[in-house]
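S.K.: The residues making up each chain are set out below.
2 protein chains.
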Amino acid sequence: MKDLKVVDKLADSFSQFPSIGSKTAERMAYALLDMPQDEVENLLKNIKEAKSKIHPCPVCGILTDEDCCSVCTDPDRNHAECIVVALSKDVLPFEKIGTYNGTYHVLGGLINPSKNIGPENLKIEELVNRIVKEGIKELIIATNATPEGEITALYISKILSDRNIKITRLAYGMPIGASFDYIDSLTLEKALKGRTKI
Amino acid sequence: MKDLKVVDKLADSFSQFPSIGSKTAERMAYALLDMPQDEVENLLKNIKEAKSKIHPCPVCGILTDEDCCSVCTDPDRNHAECIVVALSKDVLPFEKIGTYNGTYHVLGGLINPSKNIGPENLKIEELVNRIVKEGIKELIIATNATPEGEITALYISKILSDRNIKITRLAYGMPIGASFDYIDSLTLEKALKGRTKI
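Same order as they appear, the protein sequences are chains X and B. For the first sequence, my numbering gives the first residue as 1, with consecutive numbering after it. For the second sequence, my numbering gives the first residue as 1, with consecutive numbering after it.
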């Protein structure tokens, strides 16, 4: 049996996704060949739609399908309190708790010298501008409990140290080294309540 | 933050694949939003190409991008020996060994009464026709070591019992490199029954 280059190429595409290894990618490629045509059409449509309709909110960076995201445009939200996260998807677990009523700011990543990502590559200037413009009184820095997350939190607290603003960090209810993808809402709620001043 | 229906729909599509749970599907959807546009275009192209170019070989059922697969058209292959498998991808591990030089026959599934899959839904008649037409002398039935695989193997051997043809089944036993600590008793029993002289 000849290697099917078309299938290999498809498997390669699937293996670009996080946590998809080469074995899983191969299984996915063969599963796709077995799928009914309308299910494949549906997948293609959903990919195109997601890629064309979803973009970051120009204010806070949360992914949205509207001009400005529903958090920034909500007058019932407390705009004096702002959670700072690395990526838009990190907002989801906070929204799932249901008790947080402030806003968010998406940095677009974390400071990582080994990958040449410095503060200038992140939306930190935008954050500073928002503090003035929106009258933010408290920043809750909710970066991952990893070295990159720590460095980023410290950097932000340092450049804002001469401003009259409370800067807090999520409490260490979070297991060290954990990623937001696998954290349960209860742990996260505890971490939010026990936040400490940096 | 509003639930993004477009992202949910995309995650749903990804979760249709085998071994992709809802968490992984969600991560994949967000990863896709972060991917460069050309990588996404490439994925779309590969899906379309695979789905349109790949089809089962009309003779043996192996997936191919040619009129007839490279095994069936290879004159150096021994057409008197044929491995019978459930799905096209089951052929890959045999081809990886590199020493098998016979042909294959893909049944397209296994007999499974609970899913209403009977012998008439599988390519068994096609197999019988090939035995006559290609002069197959030995059938090696390589279905999974599951109840469905066993039933299918038994069914095929029964309907061919009055023909002058050797029908064999893959040997059961311990995987190479396996330790007794981790072997299940059913496998061990099979390995004991099928013991061979040194």
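In case anyone wonders, no lab produced these hints; they're calculated from the structure. No residue lacks a Cβ here, since even glycine has one placed at the ideal position from N, Cα and C. One thing to keep in mind: the hints can contain errors.
Said to hold, decoys possible - As a list, the in silico DSS-like pairs of lysine-lysine whose alpha-carbon atoms are at most 30 angstroms apart:
| id | chain 1 | residue 1 | chain 2 | residue 2 |
| --- | --- | --- | --- | --- |
| 1 | X | K5 | B | K166 |
| 2 | B | K137 | B | K166 |
| 3 | B | K89 | X | K9 |
| 4 | B | K45 | B | K115 |
| 5 | B | K166 | X | K23 |
| 6 | B | K23 | X | K51 |
| 7 | X | K115 | X | K45 |
As the list claims (entries may be wrong) - Output of the computed footprint for chain B on chain X, the stretches with three or more beta carbons under 8 angstroms from beta carbons of chain B:
| id | stretch |
| --- | --- |
| 8 | 129–143 |
| 9 | 152–158 |
S.K.: What are the numbers of the hints the structure violates, in ascending order?
M.R.: Result: hints 1, 4, 5, 7, 8 and 9 break, sorted rising.
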